[in-house]
Structure formats: C-alpha cells, structure tokens
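Novice: Spelled out from the first residue to the last, the chains are:
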Amino acid sequence: MWSSGGVSDEDRLSRAQAKTIVGRVFKMAAPFRKTMWMAFACVCVTTVCALAGPVLVKHGIDAGIRANDVGELNLSVAIYLLVAFLAYVFGRMQFLYLNRTGESFLRVLRLAVFRQMQRQSMAFYDRNKAGVLVARMTADIESMAELVQWGLLQFIAAGMLLVFAFFVLLTLSWQLTIVALLVMPLLIAASIKFQHDSNKAYLMVRERVGANLSALQEGITTVRVIQAYAQEKETIEKFTKSNRELFQSHERSVRISTWYFALIEFGGVFASALMIGIGGWLVHRGDVTLGTVVAFTLLLSSLFDPVQQLSQLYNTVQSAGAALNKLFQILDAKPEVDEHPAAVMLPEAGELRVDGVTFNYAAAVNPALNNVSITVVVGEKLALVGPTGAGKSTLAKLMARLYDPQSGVVSYGGVNLTMATMDSLRKRIVVVPQEGFLFNGTIRDNLRIARSDATDEQIDAAVAAIGATEHFATLPDGLDTEVRERGSRLSAGERQLVALARAALVDPRVLVLDEATSNLDPGTEAEVEQALERLMSGRTVIVVAHRLSTVQRADHIAVIDAAGIAEYGTHEQLVALNGRYGALAAAWQKSQIVN
Amino acid sequence: MSTIETDSEVATRLEFEQEQRSEGWKLLRAMLKVQRRNLLIGGLIGILWASFKVMVPQMTKYAINDGIEKDGPLLRWAVIIGLLGVLTGVLSGMRRYVAFRESRWAETLFRERLFRHVIGLHVGYHDTAQTGQLMSRASSDLMQIQGFIVMIPITLSNVLQIFAVTAILFITDPVLAVVALIPLPFVNLSARRFSHRIHPASIAVQAEQAQLANVVEESVSGIRVIKGFGAEQVQFEKLEREADDILRESMKAARIRSSFLPAIDVLPALGLVAVLGVGGHRVLNGQLSIGDLVAFNVYLTLLIWPLRNIGMIVALGQRAAAALVRINEVLETESEITDPAKPQSLPTGGSQTLGAVKFDHVQFGYNPSFPVLSNFNLSIAAGESIAIVGATGSGKSTIARLLLRFYDTNVGHVFLDGVDVRKLRLRELRQQIGVVFEETVLFNDSVANNIGFARPGASQQDLERAAKLAGAHDFILQLPNGYQTIIGERGFSLSGGQRQRIAIARAIIADPRVLVLDDATSAVDPSKESEIRDAMRTVMSGRTTIVIAHRPGTIALADRVVFLDGGTIAAIGKHEELVSSNERYREVLASMEHNAEEES
Ligand SMILES: Nc1ncnc2c1ncn2[C@@H]1O[C@H](COP(=O)(O)OP(=O)(O)O)[C@@H](O)[C@H]1O
Ligand SMILES: Nc1ncnc2c1ncn2[C@@H]1O[C@H](COP(=O)(O)OP(=O)(O)O)[C@@H](O)[C@H]1O
Ligand SMILES: [Mg+2]
Ligand SMILES: [Mg+2]
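Chains as they are written, first to last, in the working numbering: chain A, 1138 to 1732; chain B, 28 to 627.
With the rest of the complex left out, here is chain B (with noise of 0.2 Å):
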C-alpha cells in the first residue's frame, strides 16, 4: 500500500523539494558523467537528424523554385528528397533507440545499487524505514530521472535544429524571419509553465486517488463490520467525498491543461499566419521566391516540437533532480553493523565441539537511554543447549539479535568461541548462528528454495533430512507439488505451524554451531510439538542450542533455564528447581501459558 498524503503534506513536500534542487542538480551532473560517452553518441546522432531534417525544406524550395516554376530536373529534386526521408528515417530510428536504452540502463543500474545498498543497512535502519517509501526511491523516483535522461538526446538535437532552421530563416530573409519567429519564444515559455504548473496539480490527483483507495480498502476488509451494522451509506459517503476531491482536483489540472495546451498548439499557426500576410506581400513586391515562402512554412512547422520539448525538460530536470535527491539520501546513509577492519577468524577445533557463546556485563537499549538488557552474563558452553524464559518484552528476542549482531551493544561484550562479534566478518559469524525468528518470513518460492535459503544448491536428500528433523517432510509431501510447491504470500498458504516447521528446517539445514529457536513452535498443534520435540533432541545433541519457549514441554529440552526478568537474568537452574522455588518464574509461565491457549 502507497503511503497517503494530504494536501498539506504536498504542498510541504514541494516546497522542499524546490530547496533541494541546486543540489539535484550537481548530482544529475555527476550522474550524467558517467553516461557521458553514449548520451553523446545519441546527441550526435541526433545532430546528424536534425542536420537532414532541416534540409528537406530546403530541397522543397529548391524544387519548387527550379524544378516546378522553372521547368528545371524536377526529378532530381524528388530523389533527393526521397533519400533524405531514407536518412531522416535511419537516424531518427537509432536516436531513439539509443535513448531510450540509454536511459533504462541507467535506471537498471541505479536500482541494483539502492537495492544492494539497502540489503546491507543494518537492521536498526529498516526499524524506522518504510517500505513503502524505499519502494518510490527505487520505482517512481527512477522513473523521473529515466524521463530525464531520454530526453537528453533529442534536447541536443532540437537544440541543434532551432539554432540552424533560425540562421536559414534569417539567410532567407530576415524581415519575414523576425516577423515568423515572434510567437514561438511563447511556445516555449508556455511548455515551460505549463510543465510546472501540471506537476503538483496531478500530485495532489494521485493523493486524492490513494485516499480514495483507502476507503475502498478499508470497506473490503471491513465488511463484515459493515454488514454486521449496515453502514454501507457511511463508508458510501466517505467514498463519495473521496470521489467528488478526485473529479475537484482532476478538473483543477484540466484547466492548467486547458489554458497553456490550446495556446500551445495555435501559437505557431500565428507564424504561419504573418509569413502568409508579411511574406505574400513580400513576393508580390519582388523580394522573395514563392519556394521561399512555401520553405518558410515547412520550416516554421520544424520549430514547433523542439521548442515545446526543450521547454518540458527544464521541469522534467527538476523532477529528475528532486528524485535524485531523495535517492541519495538512501545512498549516503551508512550501515552502522560493517566488517572490522581486521577481521578475525574464528576457532575451527578439530574434534572439540565448537559454539560457545558469551554475553559479558552486555547493555543494550534500542533507545540506548532505555536499556532492555543492562549488566547481562550469561556463558553457554559449546554443544550446551539452555532456554530462555521470560514475560513478553522482557528482552528474549533481543538476546539473539545481539549475537547474530543486528544491533551492537552499549556496553559490554558478546563472544562466540572466544571471539568478539565485532571482530568477526558478518558472513562468518551470521554463518555459524542459525536463528528460526518470532514471526516466520518465508520467501516466495518452493518449498525447497524456502529450506534450501541458507545453503543455495543443497541436496533434495539434504532437504529432506532438515524436512524430516523439523517435522515438516510429511505435509511437505501432502502439497500438490510437494518440494516443489510455491509458498509464501502469493503461494500457496501453510498453517501457522507449517510456516513454522519450514522456517525451522531452514536453520537446520545451514548447520549452524549455534542454533535459536525463538518461540518457533508456538503455533505448531501442541500433539505435533511432541513430535517436532523428539526429532529436535537429534538436530540439538551437540550444538549450542537457544530455546526461548514457554511451554513445559519444550522447556525440559534444555539443559539450563534462563529466568529474564527485569532485563537481567533473576535465576537460572533447571525447570523443577524453579518451578519450585521461584514464584515469579510460575507466574509468567503460568501468564504465557495463558495467552497461548487463547491462540489456539
């Protein structure tokens, strides 16, 4: 879904984007240095273009004079002509293609760079950022510097073709020629504020037509609502608010259409109209050749596109150059989670197990003057396997994004086999920690690339084995194309607990030293957990293991409990021990237990 605007909101947003152009601009330059070789072939070829077009007139003349008035080798005249149409032809067939493919190259490879820059930012910027926006910068934002660099071709050559049809005129002859060209500068000044003018009248258009979008949203998701209190007339009457703004704003841009277009197209005809009148007159006193005066027409004719285009590309360069503006914004934002400098490696024991995990007096606030975790310790040993337990925001979650280094902590240290996160290469370490999220993503893809994420190229027989371990081969199999069935948001759609087995057999399969199940069985069926359960003993005997859970069940996988409560850890033992001893302890589980039933 696009994000709203109101009317206020794009009146603020233009007027900032008028303050950012000077800098659009000197960034459109550095951009168009890049491209500079082929936007320059593309000018000359456009050069070339216009070179010919502005001589069929000329060869008109030529004929008219001497092979029609005269008698003259009227024939000639038609052939060159006609080979001039063949020229004509040609270049503007490549002036387009290679401005057309010039200008998407560009746009390809402006997307690859925001996209691949903003996969890489960390995770604490894609808290705040909304997709929604990232999604412009790389969709309509490139669109308006695509615009803007199609044009540039042609701009060259119309610039070309008005400064040469302008000397001809004036050879021919300069009185008509001052006459004719007096109307045209208003072509341009026309297409030049009519560009302005139309711009924020059809942005204010699309925001009446988002809103008007919402309403219809809202009334679809909602109708059960609606019908449960027969407020169709309610949600009718917010539609046709949103419907008469639209048909306001769309005749607001209708009228600027209406008062520069017309003018825009009849101002050249006044040309014609004073070569008629002021060049008539002039033939009839001796002064000029009537191939003369038909030329001027046809030339006249020429002017028109060009000056009209080159008065939209000053408005297409300032879109252009807002939209670039916004797009270096992303650009220049630096991921704050990078490699050191001097990575380390880390330990690859020969026979000793692997995946000790250390939180040393961590702190660690998402609001750093709001801690979450604060004076955090915590040692796992390798192949040790510990759940973690805890009320809902008690910082659970938290603990695994700090090891997988999705945040940095304020203070303290986290260690995986003795070596500082930070020290680490973020593939290296992301490698050897295998975390199945709170909420389960799944991709868009089968069932197999779903599994297969982490280890692009593994074996179906692989696949199957992370599958069977996670309690998801059987379903898996029931799909219609088993493996090979497409999932996710636009696939086919998987229970709750399907999502979760998937997600799970996800982890396994990138065999990681340090395995996080963060809530992963929540959904599944509780008699399928038991199952899952079993088949878990076998993926956790000798890897470090997280659990967070709440269930009894799946508690007792672990060796130690660890109690969170009030960002620290109150105790740790094993389950019966604190069930027993600690109150606080059975009170969250009992709380947690509490919620879950609810779900299911």
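Looking at chain A on its own, in the form it has when it is part of the complex (with noise of 0.2 Å):
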C-alpha cells in the first residue's frame, strides 16, 4: 500500500523544531541507545548485502563467465551465498533490534507524558479537553507505532541503499551511472508532486472518515427520535450523502496515486531501456563491460526504490514528528501547584485557616472568590451554603489545595499549604467529590485508589467505619465484585458509598465534602446519609451543603455569595438574623413538609 500518514500545514515542523525534536529523542532513547547502535549496524550490513548481489553477478559475468574461468565464477557463487546468508542474519537482527528500540522509546514516551500529565494541577485539566488528553496518550503515540514497527527501518534503509547504490554504480561505470541519472529528475519530480498531493488527499480521507463515522455513531444512538419521527428515510439518504462523499475522496487519493504508479512503473521500463540502447552503445565502443551493463539494470531498481518509498515514508515521519511536538509540549508544562523543594510535614492536628484569599480561574474574568477569609478548628464542621456559582465549590477546593490562591494565604496547623509535602497534605485533608468516580477494577481496587498500601483487613475496616460491610456483601463477589466501566455494575448509592469508604481508609483529620446532589431512591438514601455521619464524627468538615439536615447538624455556616462570605454564624444565629440564610432555610423548610 502506499503513505499512511498526513500532516496539515499548521501541524508541519519548522526545520529547527525538527532539530529539537529528534535531539530530544535521542536523548530520550538514551537508556537503550546500545540497542539503537545495534540496529544501526544491522541495517548497514542488509543494505550492503542488498547491493553485493548485483555486483557478484557481474563479477561472475565478467571475470567468470566471459574470461572462461571457472574459478572466479566458483568464488562469486560461494560469496553470493555467504551474502545472502548475512543477509537472512542481520535481516532478523534488525528487525529485532529496530522493533525493541522503537517500542521502548514508545514505552519511556507513555510513561513520560502520562506520568507528567497527572502531575499537573486541576488547572491544566480546567484548560485541556479531556478527549484531547486521551488522544496524546493513545492515537498520537499509536501513530509512531507504524513509524517504529517498519517505517523506521524502511526510512534508514531507503536512505542507506541510495547513497550506497549511488557509489556501487560509480565505482563500476561512471557513464553509465549518468545514463542511469537521466531518468531521476523525472522520478523525482514526481515523488516530490505526489508526497504533496496525496498528503492533501489524505488529510481529506481522513477528515472525511471521522463525518462519516460521526454520522454512522449519530444514528445509532438517536435511531429512537428517528423512528419515533418516522425520518429514516432522510437519515438514510444524508447518511448515503456523507458516505458518497467519503468515496469521492477515495476515488481522488487512488486517482492521485495511479499516475504516479503508472509514471514509476514506466520510468523503470524506460531506464532499462536507456541502458540497453546506450550501455551496449557503450559496449560496442569498448568503454564497458557487458557484465556492467547487467549489474546495472539490476541495480536501476536499488536507485529507484529507495526515491519512491522516502518520499512515501515523508508523510509517515512528518507526522510523527507533528505528534512528538505536542507530546514534548505537556512534557514542558509546567505543574501549577507542586511540591515545593523545602516542603515540610503538615502537623498532625490544627486548624485550617483561609486568610484574605483571592482566587480567579485561569479562563473566567471575575474572581470567584475575592479576599475572603475563614477559620476551622480542630475538631468543627463548617457548612458552605449559597447560590450556584457563588464560590463554595472553589473554597473547598482551595482548602485542600487542588488549586493555589493568588493571593493570600491557606494554612494548617499554621503551615502554609503551598509549603507542605503532597504526601501528608493528602493524608490530613481529603476531598470527598460529589459523585462517587469508579475505576475499573474492583471495589477493593477502588478503595486502594485511597491508599494504595492499605491490606485487606484495613479495607475492610474502613467499610465497617462507614457501615457498609452488610450492603457489599450482598454483591455477588462482595468487595471483589468487578464494578465495570466507571462502576456501571453498581448503583449511584454504591458508588458513593465506595467513595466514602475511600475518605475512611486514609482516616483523614479534615473532610472536605461536596454534597452528592444526584437522586437516590430512599433506601440507599438513608443509608448514605448515616455513611456520612458515621465518616464526619470525630473529624474537622468543610461541606458543601445542599440540604437542610447536613446544615443543621454544623457548627457554623458560612453563606457564599458573589461578594465573599455574606453571613457566618451557627443555624439559630443567622435564623435570627432573617437574612439570606433565613431565606434559604425557609425554603428548605417548606420542601421538606411536603416531604
């Protein structure tokens, strides 16, 4: 088949982008540049070997056969078969060699990129879409995969047989290695026109493909709306419209590779046809041998092979590199909030304070919260009441330092937070997200998300702590229980109280709870809630509050709103106060009695 790959002009490398890239590869591949060299050499020897055939016939020709000694002809027998022998040898070694090369470069790649993509802060996830972030990890490094399984050893060997041939064929006959050129400009010109256009046509298959696909995707999943408006007809037929289009662009690409095909195939022809006529010209004259005049039109297609599949492999390379670019830009990126090298335990116990903080997300233009200050102590439970988008959410998350202020400061136990090792910031204070998030795995493996030493007995400990023990052993393998993609085995009450289990087993000092806003059915319901209660006691909470009963059962509440904190005080202060709580209370009141 012919090029795979494709590049648009915004994605194509600079010249001193490339040079940094392929350093940077090289530096990289570093650990098993042994194996690099290994594979190099191999090459060299196949490609050597590749050319010392056609030269061995010669010799045999010329020295053996036309001479009339047997001797020679023996000896061009016997080294033939000894090259074709090293030939098979380095021919697996390489493969070997270029396969381990590449795919551990691919290896240390994934680890590279992933390792430093969960290194960086919330921030970063705020700003890149997470569909974006999954391609860089698996389409972008899949498509060097191509590159590194053949094309690599494609792209060096091509490039290798063409210098090599070039001097093989001047070595022996310098005319007729300019008979052999004449047909070159033309090969090459060509190659040049096709690299060019079948990239463009490939981008258009390609952009094409993924309508197509998007189309197929799209009326399988609304083919109920589709039936229900009796529309299949008009899906159907704008369905046939983006695949007719997606033919049309086959049709262009194959047609663009037909006369390039026809071209090569007949410039092969014709450069042998060239030889003949002017190589026996030759002959007749004395100047060379008929033996050369055979070396090299078996020699036409070591030079012309080699210009076709190179410019075929551009495509391939150049999207490679277009993919290592943005690989090597998260790579780059610059962790927000990271540990800083002077980084200190947090202390076992003490009160968090957040003091005159200000703090805007990277995109928004106004600050979600601004110069806003409040104190924990050991010990209290804070809930966070407001309107949405009022900044309770963001308070939370600065607590437990998913996002660092830009101003002021957040503390613990009089240690600033952007001063304490992650280590035991994760240990003191855990957020506990709204929904409760599933791996795959099982729910054991999902409790260990939360600490990853935790034994068996420590798991389940902190199910007991929760009062969940009962409820999973009713799943069928209990705790080993498969949960399957993002936990769609279990209900939405499971999942929470798995996450819960998870806040238990690291035994946190401070919870930070953004209250599940999603419908439980009653039962489970009730069973969360007592989850809850059983994982808060003894412990300092921050929560954001959505109901009145996790209201009343704090210490203090804090009411949010767009100007910082609006109201603070216990459940009966701020009642009495008849502001915006009392407000708020009411209304809860009122959905409760209907309750």
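The reader is advised that the hints may include incorrect statements.
Estimated spans, in silico, between C-beta atoms of each pair [said to hold, decoys possible]:
1) Asp1475(A) <-> Gly523(B): 35 to 45 Å
2) Asp1475(A) <-> Arg492(B): 55 to 65 Å
3) Ser1151(A) <-> Ser520(B): 43 to 53 Å
4) Gly1719(A) <-> Pro395(B): 34 to 44 Å
5) Pro374(B) <-> Arg1343(A): 46 to 56 Å
6) Trp332(B) <-> Lys1330(A): 47 to 57 Å
7) Tyr1498(A) <-> Glu610(B): 47 to 57 Å
On the chain B side, residues computed to face chain A include the following (Cβ under 7 Å) [stated by the list, open to error]:
8) Phe137
9) Arg143
10) His144
11) Gly147
12) Glu259
13) Ala296
14) Gly307
15) Val341
16) Ala481
The set of hints was computed from the structure by calculation and includes no laboratory data.
All of these numbers come straight from a predicted model, not from anything done at the bench.
Cβ coordinates follow ideal geometry from the N, Cα and C atoms, glycine included.
Can you join these two chains into the complex? Each is in its own frame, and there are hints to help.
Specialist: This is the structure we're talking about:
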C-alpha cells in the first residue's frame, strides 16, 4: 500500500523544531542507545548485502563466464551464498533490535507523558479537554508505532540504499551512472508532487472518514428519535450523502496514486531501455563490459525504489514529528500546584485557616473568590451554603490545595499549604467529590485508590467504619465485585458509599465534602446519609451543603455569595438574623414539609 | 469508546472466526458475483499488464544476445523496451485504479446497506445492541473486505505472471528453471504463514492498546479523585503495567515479523545464486547464452512479489470472510416491528378533532414473563389532555413507547383513532404522534435543523412559531449564530432545560394528533416552566396530549390525571381529588418532588 500518514500545514514542523525534536528523542532514547546502534549496524550490513548481489552477478559474468574462468565463477557463487546468509541473519537481528528500540522508546514516552499529565494541577485539566489528553496518550503515540515497526527501518534502509547504490554504480562505471540518473529528475519531481498531493488527499480522506463515522454513530445512538419521527428515509439519505463524499475522496486519492505509480513503472522500464541502448553502444565502443550493463539493469531498482519509498514515508515521518511536538509540549508544561523543594510535613492536627484569599480561574474574568477569610478549628463542622456559582466548591478546593490562591494564604496548623509535602497534605485533608467516580477493577481496587498500601483488613475496617459492610456483602463477589466501566455495575448510591469508604480508609483529620446532589432511592439515601454521619464524626469537616439536615448538623454556617462570605454563624444565629440564610432555610423547610 | 477485549476473549474470538470461515467464504463468493463484471475488467487489465511485463526481460535478452553481443540493431530493441515501458505503466495504473475504485465502491454500498438496515431495526434490538459493535461492523469489518477486494485484480495478474514466467523459464532452459525455482515456493509458503500468524499478534497489540487507553481515559476523567487522594502513583503503576503489556505484545509481533520477513526477502536471492552458479556453468559449457542467463535473473525478480502477494491473499480472504459473517449477522436480523401486509389508513375527519387513543387490556413486559403493564385500559378522547403520574419505574414511559409502536403489546391492543396501531404503516402512525422523550437527544446540527427534524424544509416562520411555543425562541436568538448555531455533542453546549425546550419545539412542529411529553420540562428552571406552561396551553388546546409529570403546576394542565401504580391504573381523576383522596398518590408525588429538588 502507499503512504499512510499525513500532516496538516499548521502541524508541519519548522526546521528548527524538527532539530530540537530529534535531539530530544535521542536523549529520551539514551537508555537503549546500545540497541539502537546495534540496529543501525544491522541495517548497514543488510543494505550492503542487498547491493552486493548484483555486483557479484556482474563479477561472475565478466570475470567468470566471459573470461572463461570457472574458479572466479565459483568464487562469486560462494560469496553470493555467504551474502545471502548474512542478509538473512542480520535481517532478523535488525528487526528485533529496531523494534526493541522503537517500542521501548514508545514505552518511555507513554510513561513520561502520563506521569507529567498526572503531575499537572487541576487548572491544566480545566484548560485541556479530556478527549484531547486521551488522544495524546493513545492516537498520537500509536501513530508512531507504525513508524517504529517498519517505517523507520524502511526510512533508514532506503536512505542508505540510495547512497550506497549511487557509490557502487559510480565505481562500476561513471558513464552508465549518468545514464541511470537521466530518469532521476522525472522520478524525483513526480515523487515530490505525489508526496504533496497525497498528503492533501489523505487529510481529506481522514476528515471525511471522521465525518462518516460520526454520522454513523449519531444514526445508531439517536435511532429512537429517528423512528419516533419517522425520519428513517431522510436520515438514510443524509448518511448516504456523507458516505458518497467519503467515496469521492477515496477515489481522488486513488487517482493521485494511479498516475504516480504508472509513471514509476514506466520510469523503471524506460531506464532499462536507456541502459540497453546507451549501455550497448558503450559496450561496442569498449568503454564498459557487458557484465557492468547487466549489473546496472539489476541495480536500477536499488536506485529508484528508495526514492519512491522515501517520498511515501515522508508524510508518515512528518506526522510522527507533529505528534511528538504535541507530546513534548505536555512534557514541558510546568505544574502550577507542585511540591515546594523545602516542603515540610503538615502537623498532625491544627486549625484550617483561609486568610485574605483571592482566586481567579484562568479562563474567568471575575475572581471566584475575593479576599475571603475564614477559620475552621479542630473538630469543627462548617457548612458552606449559597447560590450556584457563588464559589462554595472553589473555596472547598482551595482548602485542599487543588488550586493555589493568587493572593492570600491557606494554612493548616500554621503551615502554609503551599509549603506542605503533598503526601502529608493528602493524608490530613481529603476531598470527597460529589459523585463517586469509580475506576475499572474491583471495589477493593477502587478503595486502594485512596491508599495503595492498604491491607485487606484495613479495607474491611474502612467499609465497616461507614457501616457498609452488610451492603457490599450482598453483591455477588462482595468487595471483590468487578465494578465494570465507570462502576456501571453499581447503583449511584453504592458508588457514593465507595467514595465515602475511600475517605474512611485514609482516615484524615479534615474532610472536605461536596454534598452529592444526585437523586437516590429513599432506602439507599438513608444508608449514604448514615455512612456520611459516621465518617464525619470526630473530624474537622467542611461541607458544601445542599440539604437542610446537613446544615442543621453543622457547628457554623458560612453563606457565600458573589461578594464573598455574606453571613457567618450558627444555624440559630443566622435564622435570627433573618437575612439570606433565613430565606434559604425557609425555602428548605417548605420542601421538607411536602416530604 | 471501543470495547475492550481481554486476551482470553481474543483467543475465543479467533477460534470462533475459524469455525465460521466456511460460511464466510460462501458469502464472499456471493458478494463477488455482484461485482463480477468490473472485477473481471480489472483482472483483464492486470493480465495484459502481466503479459507485457513478462516481455520486458525477454526483449532485454534479445537486446543483449542480438544487439550487444552480435552488433545487431541495438536501437530497435531499446525502442521496443521503451514502448513496453509505456504500456506496462499505463496498464498498471489502470489496474490499480480499477482495483481501488471497485473495492471502495463495494465498501461504500455495503456501509449504506448496513446503515439502512440498522436504522430500520426495531427498538428492542437497539436496547441490547452495543453501539461500538455496530460501529466496528460498518468500519473495521468493511475495511477487511475492502482490503480483500482490492487484491483481486492484482492476484489475477499475479497468477498469470507466475504461470507465464515459469513457462518461459522452462522453455529457455528446463534444468536451470528447476534449480532456480526450488526456493520460490517457500516464499509463497512463508508469506502465507506469516499472514496467519501476524494477525492474532496485531490484534493482541490492539487489545493492549485499548486497555491502556482505558486507564488513560479514567485517569483523565477521574482526575479529581486522583488529586484528592494523591493517587497519582496508583494510576501510574496501572499505566506502567499496560505499557509493559504493549511492549511485550509488540515484541511478540516483532519476533513473528523477524522470523518471516527476512526469510521472504532472502529466499529469492537463493534462486539468483543458483542461476549464477548452475547457469554460469551451463553458459561455459555452451548450453545457454549469456542473454538467457541475464533474463533468468530478471525473471526471477519478477516472481518475488506475485508469490508474496498470493501468499497473503489467502489470509486476507479468510479475514474478509470472517468479517462478512459478522456483518451478515446484523443484516440477517429482521425487524420485529414492521409495516403490516395490508395496511389500513387513519381516518381523516374533516371538521371533527382527531387523535383518540385507546389502550385495551394491554399487557406488556420488556421480558414477557415480567409484565410492566398488565390489564391496562385507558381511553383518551380526541383533544383531551391527560397527565400520567407514577413512581419511577412504574411504566409511564412504556405507555408512550407502546403508542409509538416501539414495542408490540404481549396481550391487548393499542388504537389510534379506532385503528389498531399494528394495522397502520409505521410512518403514518409515527407522523401522528409527537413524543418528547425523557432523555433529550439532539443532533449535531443547527438549531433550525434540530427543530425542523420531523419536517425537513419547514419555513423559518414555522420554526420560530414552534420555538416560541416551546419557550425557546428567546434563548436561541442569544446563541452565537441564532437558529444556525450548531448544537449537540460537538457543538455549542446548552443547559438541560434549553435542550428540553428544543426537543419540545421539535415535537410541536410535527403538528401531530397526539403529543406526548415525557417529563419534558424536568430540567427547566421552575420560573421558566411557568412561562412554558402558558405556551403549552396553546399547543395542547384541541390536541390530544399525554403529559408525564410530577410538578403540580404541570399536572394541572391536564383535564384528567391517571395514577399508575403496580403496572396498572390505580386511580383516575382531577389532581385535587386525588391529592385529597389517595394517600399513595400523595406519597409518590412527594418523593418525586423531593428528588427533583435535589437535582436542581
Ligand atoms: N474549573 C473552572 N474553570 C473556570 N471557572 C470555574 C471553574 N469551576 C468553577 N468556575 C466558576 O467559578 C465560579 C464559582 O464556582 P463554584 O465554586 O463551583 O460555585 P458553587 O460551588 O458555589 O456553585 C462560577 O462562576 C463558576 O462558573
Ligand atoms: N428497554 C428496556 N428494557 C428492559 N426493561 C426496561 C426497558 N425500559 C424500561 N424498562 C423497565 O421497565 C419498567 C418501566 O420503565 P419505564 O416505563 O421507563 O418507567 P417510568 O417511565 O415510569 O419511570 C422499569 O422497571 C424499567 O426498569
Ligand atoms: Mg493489559
Ligand atoms: Mg420514564
């Protein structure tokens, strides 16, 4: 088949970029540099072997057959056999070494990019769409696999073959070399044009394949609406249109390759014709031997094939370069929230203080928090309430250092969180996000997210601590139940229980909770509520509250609005104040009565 | 997201494929029959090409023997070879074009057939079918078939080329021919075995890549959990495992390549060695000319590619056959809900209102042994509006689905204007019923096309009228491109309430006899809902409407309330009556309201 990569103009690398990228690739490949050189050596040997064949045939004909020297002929045959054997042995080694180099490089790249992605702070994830990040780690890296498996080998081999073949031809006969090169300009011009056109055609095909797949997927996923409105015919017509467009783009790219390969085929035979015509004339003049002409006709392909291969691989290499460039951008991104070199352990217990904190999301115009101060003493339960978008969750996230404030200080036990070791921070202060997010694996695996070294007993204890032992025991494999993709095997309530058990496993001093708002059936609801209750007891808790019951249990309530902390006090105090909280509590009360 | 296969699943799948191959070959043959003509043309071109191609070395031989060795007309030979170059060039281009065009065309038509079929399959099928599976039928499986078809003309010319070359070699010098050809069958054999072995290996690599993709995906979407617990290391170790797996499987594949490809490359060289050795001696003994020796060399190189290709096409064919079996499975599935053989038509009553709905002793369960509805009887007069209230899972949405004939009842009948829905053409029935589904599904398209979905080509006025009635017009004007704004998954993202209002407009514009609103305003802000409610009154007046709702304000829009409990109608009446008389009704309403509060 022909070129499989493609690169759009904006992705195309400049010469300087290409240079840095090659440099960095070599640096990353340092651990397996030896394998790399071995691979290179093997490629050299096999290339030489490929060229030696025709030269030996020439020698056999000229020095053996035409000179009537059986010894020379036999020698040529023997050497040829040896060369074939070497070509085989080194061919195998070259595959293994090259693949090992390439695949090891991809592995290192995968690990490095992923590690760096994980180090990034939340702000990075706000900026970059999840789909794009996943694509970096999968499609972009996989796009290089092809290159690694055979492309690189071909690229190097083709380049070397071209250079070697040229020198071999030159030493055999400069006159015939000129003849051989007569067709080259045509070949090179055609290859360059083909490389350019096929790149464009490829991008077009890729775009239309994407559109076609989306149309396909949309059709399948929206089939109920399509049928409900009896729009099958219209939808099929629309799909057919996109499908035909895809066909047209395929057809176009086939046409491009059609004339190119026709030209290549013609060029090859035409060059032989020239070789026979001019070469024969030179033989008559006694300038070259017949054997040389024969060797040249055999070697012509060693000159032409590489040009063709190089031009086709060019696109693949370019797109790999573009992919690498994007990956290196991730590797270069500095995490905003990172451990300070002189970081210290957080003290066991201490009050959590927010002092004059201002925070602005990168994308936002107005700060989400403006000069906010609040203190939570040891064992206190603070509820944050207020309208959507007021900044409750933001404040909670800052208290766990998921972001760093632009100004002001968040401290625990007197230590600025920015000066704390990440490890101690995550042990003391734990955020339990709204919905229980589950990873592939068993429930146990999911709990170990919180503490990777937890023993089975510790896990059982954590589940017991939130009173969920019985519930999970009813599942087919208990805690070893596979939760399937995103925990689809479990109910929403069960997922929340897992989230709470995770927190229990860490056994932190401070819990930051964003109260779940999803609706559960009343039975599970009560269970989750109880688990939460158990988890909160004896800890400092900051909870973003959506329920009256939660707020009533809190020691203090902070009402957050756009201006910052609007009201602060106990439930009774705030009700008495009859301000914003008063109104909110009244509304809650009303819906409770309906209950 | 593609479905992930574990290693053992891959193994069983490959086994399964093996079993189904014979069936696949049969299907493949049937399919090729349809394209016979063009493929034959392609093959013919290929055969012509091969004939000329084979002549090149022959001419080279004459040129050497006659032109160079004997001072003959050198120029003439050179010109002949050059002309052959033109012919082979043009023919190889044509062969390539026909092969690719034909294979792409087959793929294109097949995909259309598949899409048409899948879109027409009953909803029950789609309940259990996985999107990813259907997608791979229409993409990767079709690719396998395309990859096979494209090889057919080339294979035909390859076969000819092999026969012709072999014949020429034997005519020139049978002894040398035997010696030179000995290594070549091994090229074919190796190519065949290679194709067989590399396929499962690359599938294994893909499976590992998919597993890694999964880890990445969950790590990115679950980043808050990971950051919250400092679980970066845990995820990193998972990823490292998968990266190691990929490396391992890739190296397995590399080992397979390394044990076949260099051999395939080198084997022909053995033939060349034999030609030089044995042939050289024969020239020295005067049994062969030098020109023949050179021609032998060239001919042998002409055999390499055809032998390789033919080796691979067997494996390609087997893969295509397996893919075809999977595709055929879908195509053979027949829709359980189809147009009746002798369709009746709906009454078109001049001045009188239409849209009477009747459920008559209906029993239905998605699994017939567990009925969701049983002995369900409900008559709705034309133009009447009723509200259906019931706990989650009580079967409210099921009622709408039965009316649309997404499913057929197990027992009993559903009538629209006195005609059993099973006696109506699906298109006619469904055009008269506008449903706003519980889960709002919008298309990746402009707002205008989304609203006008049921009536392509609706005027801007109609669109705006529907949007106004659904309370959507104002916010649509606020969108970056107004009615032309692209929405949906990949377009501008709307809030849940906004999406619902567009879905309502979509139902309104169809101007159906029966309008079903399945919790259609659940995500709409209560303040906005009252606005919509006023508009809804206009839409509902004179039109049969079924409203599934739990907010008292919305329920109040209906003339009657049907309270669904335990799979059947527990009570019917006015909202106030039910609230005061039915304790269970109060309970259900309260619990649903409570859930909804928490959602907002
Ligand atoms: N990741 C984010 N990137 C940019 N803006 C955000 C992000 N998260 C929240 N915001 C904005 O910050 C403000 C406060 O949000 P949040 O703290 O989530 O409020 P609350 O929890 O009170 O509903 C809102 O205007 C919201 O849109
Ligand atoms: N496609 C389906 N396949 C199998 N069971 C279903 C399907 N859709 C709904 N059900 C089940 O049928 C029952 C009624 O569902 P539904 O009509 O959606 O209830 P409601 O709309 O009142 O919440 C529920 O128990 C639900 O789980
Ligand atoms: Mg794995
Ligand atoms: Mg429902």
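Novice: Now, for every hint given, state plainly whether the structure supports it.
Specialist: These are the hints, each one checked on the structure:
no.	hint	verdict
1	Asp1475(A) <-> Gly523(B): 35 to 45 Å	holds (37 Å)
2	Asp1475(A) <-> Arg492(B): 55 to 65 Å	holds (57 Å)
3	Ser1151(A) <-> Ser520(B): 43 to 53 Å	violated (35 Å)
4	Gly1719(A) <-> Pro395(B): 34 to 44 Å	violated (56 Å)
5	Pro374(B) <-> Arg1343(A): 46 to 56 Å	holds (53 Å)
6	Trp332(B) <-> Lys1330(A): 47 to 57 Å	violated (25 Å)
7	Tyr1498(A) <-> Glu610(B): 47 to 57 Å	holds (49 Å)
8	Phe137	violated (10 Å)
9	Arg143	holds (5 Å)
10	His144	violated (10 Å)
11	Gly147	holds (6 Å)
12	Glu259	holds (4 Å)
13	Ala296	holds (4 Å)
14	Gly307	holds (5 Å)
15	Val341	violated (18 Å)
16	Ala481	holds (4 Å)
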